[in-house]
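> Residues per chain, in single letters:
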Amino acid sequence: MGAPFDIGYVFSFLPKLLDTLGVTLLIVAGSLLTGIVAGFLVALPRMYKIPVLRTLSGVYLSFFRGTPILIQLFLFYYGLPEILKLVGLDLTRAPVMFFVILTYGLHTGAYAAEMIRASVEAVDRGQVEAAYAAGMTPYQAFSRIILPQALGIAVPVFSNLVIALLKDTSLAFTLGVMEMTGKAQTLGTLTQHFIETYIALAFIYLIISFTLEKMLLAAERRLTRHENREDKRESIFRLKKRGSYRTVLADINIGKGGGA
Amino acid sequence: MQLDPSFIWTAFWQLLGAIPTTLSITAVSVLAGFVIGAATAMLRMYRVPVLAQIASAYVTFIRGTPMLTHLLIIYFGLPMIIDGLAEHFGWSFRSVSIPMIGFAYISFSITAGAYMSEVVRAGILAVDRGQVEAAQSVGMTTFQSLRRIVFPQALAAALPNLANSVIGMLHGSTLAFAVSVVDINAKAQIVASTNWKFFEAYLAAALIFWGLTVLIERVAALIEKRVGAYNRGGVV
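Chains as they are written, first to last, in the UniProt record's numbering: chain A, 1 to 260; chain B, 1 to 236.
Among the hints, a few may not be true.
[Unchecked claim] Some chain A residues near chain B, calculated using beta-carbon distances under 8 Å:
#1 Tyr-60
#2 Glu-82
#3 Tyr-132
#4 Ala-134
#5 Pro-138
#6 Ser-170
#7 Leu-171
#8 Leu-175
#9 Phe-194
#10 Leu-206
#11 Ala-218
#12 Ala-219
[What the hints assert, rightly or not] A short list of chain B residues far from chain A (calculated; beta carbon distances all over 12 Å):
#13 Trp-9
#14 Leu-16
#15 Thr-22
#16 Tyr-46
#17 Leu-51
#18 Ala-52
#19 Leu-68
#20 Ala-86
#21 Arg-147
#22 Ile-167
#23 Lys-197
[Unchecked claim] Have a look at the derived ranges for each label pair, beta carbon to beta carbon:
#24 B/Val-35 x A/Gly-8: 33 to 41 Å
#25 B/Leu-215 x A/Tyr-139: 39 to 47 Å
#26 B/Met-140 x A/Phe-5: 29 to 37 Å
#27 A/Met-136 x B/Ile-190: 58 to 66 Å
#28 B/Ser-193 x A/Leu-33: 32 to 40 Å
#29 B/Gln-53 x A/Gly-8: 40 to 48 Å
#30 A/Thr-191 x B/Asp-128: 53 to 61 Å
#31 A/Phe-210 x B/Val-35: 40 to 48 Å
#32 A/Leu-53 x B/Thr-141: 53 to 61 Å
These are calculated hints, taken from the structure and not from any lab test.
In this text, a Cβ means the ideal position worked out from N, Cα and C, and glycines have one as well.
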C-alpha cells in the first residue's frame, strides 16, 4: 500500500501542513468563543435553578454530551438549513466554516457549561455569605469573590477542553474544510506517502497541544497562587488535603474520556 | 428537499443492524484499553526504570494527538511493518488477511489505553496511603494489598471517569468509517446517500447514540451505588 517509507517526506510535509494550521486554529478559537458564550447561557439556569430553562439546558447538555461530534457535524450541516427554511431563512449559501464553528461551538458549550457550574459550586459557600455580609451586591459578590476563585479551579478543566477541541477539529475535513487533516489526506493521496503525512500531522498536533497545556498550566499557577503559599507541592497533594476539591475534580476532570 | 419525518423511523430500523459493530469496537477497545492502561499506570506509579519513561511518552503522545491520526497511522503503518517482518523471516502471514475491523480494534485499544492509564492512576491515587500501610502491617504482600485493598477502592473512585471513557470510546468508534468499517455512522452515511435524506438518517443515528450513552450513564450510576457502598455515611 503506497510507496516505501522515507523519513525525508515527514520533514518536507511539515511546512505544507503548517500552511493550514491557521484554519485549524481559527476553528478552535471560533468554537471556543461560541462555546464559552453558550456554556454561560446554559450554566446560568442550572446554577440559579430557573424552572423550565433548567430542564431545557439539561436536555442540551445530555444531547451534546451524548452524541458523537461527527454525527453532530453532519446533523447540523444537513439539518440546520432545512429547519431554518421552515421559518423562511435561507442558509444554503452559508460557508461550510459557519456550520463547522457553530457545531464545535455548541458541542464545546455543553462541556463549558459543566465546567462553569462545577467551578462556581466548588467555591466555598461561606465566601459568598461573607461577601453579602460585607454589603456586596450579588453582582459584586460574583465578580469580586466567586469569579477569581472559580477561574483558578476551572483552568485545568478548561485546558482539557481546549485540547479535546483541538483534536476534534481533525474531523472537520468530513465536511470538506481544508484544515490540517484534510490537507494531510490530500498530500497522502498525491504522493502515496500516507504514513509519512500522518506522522507529520500527529507531530504538529502534539506540539500544539503540548504548548497549549504548558501555557494553561502557567495560567493556573498564576490564578491559584493565593492557595498554599508556603506549600509548593504539586496539585495532587493539595487534593488529598482538601476533601471537597477532590470530589469536585473527580466529577469534572477529563470531561471527555476519549479521542472523539 | 423536504423533511420526511417517517423516514427517521425507517432509517432507525436500518441503523439498528449496525449497533453490534459499534458495540464490539467499543467493548474491545475499552477492555484491551483497560489492561494496557492498568499496566501503563503501574509502570509509571512504581517508577520502573526505562519502562516508566516509555509509558509516559506513550500517554503524552496519544493524549496529544487526535484519535483519527492513530487510526490512520496504524492502518497505513502496521501492514508495512508486518509485511516487512514477514518477508524478512519468511512467514506466510500477510497484512492483507487482517480484516478492516482489526485495524479499528488495534488502534482504538491503543488510544483507550492512554486515557485509561490516567483513569487508573487517578483512581489509585485517590486511595488513602494509610490503607496500603495497614495492609502491609497485617502481613499482606504487595500483590495481596493491591488486589484486596487498593483495587476495590480505586475502582469505586475511578468509576465516573471510567464511564466517561466508555462513552468517549463509544463516540470515538464513529471514526471507524475511515477504514471502511460499517458502524452506525457509516451505515447512516450509506442510508442517507442512497435515499438522499441526510438529515433524517443522521437524526436517527444521533438518537441511537444518545440512547446508548444514557444507558451507559444509568448502568454506571447503578454500579457506582453498589461499589461505593463501603463509603457511605451514616451509622447503619
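> Tell me, in ascending order, the numbers of any earlier hints that this structure violates.
1, 3, 4, 5, 8, 11, 12, 15, 19, 22, 23, 26, 29, 31
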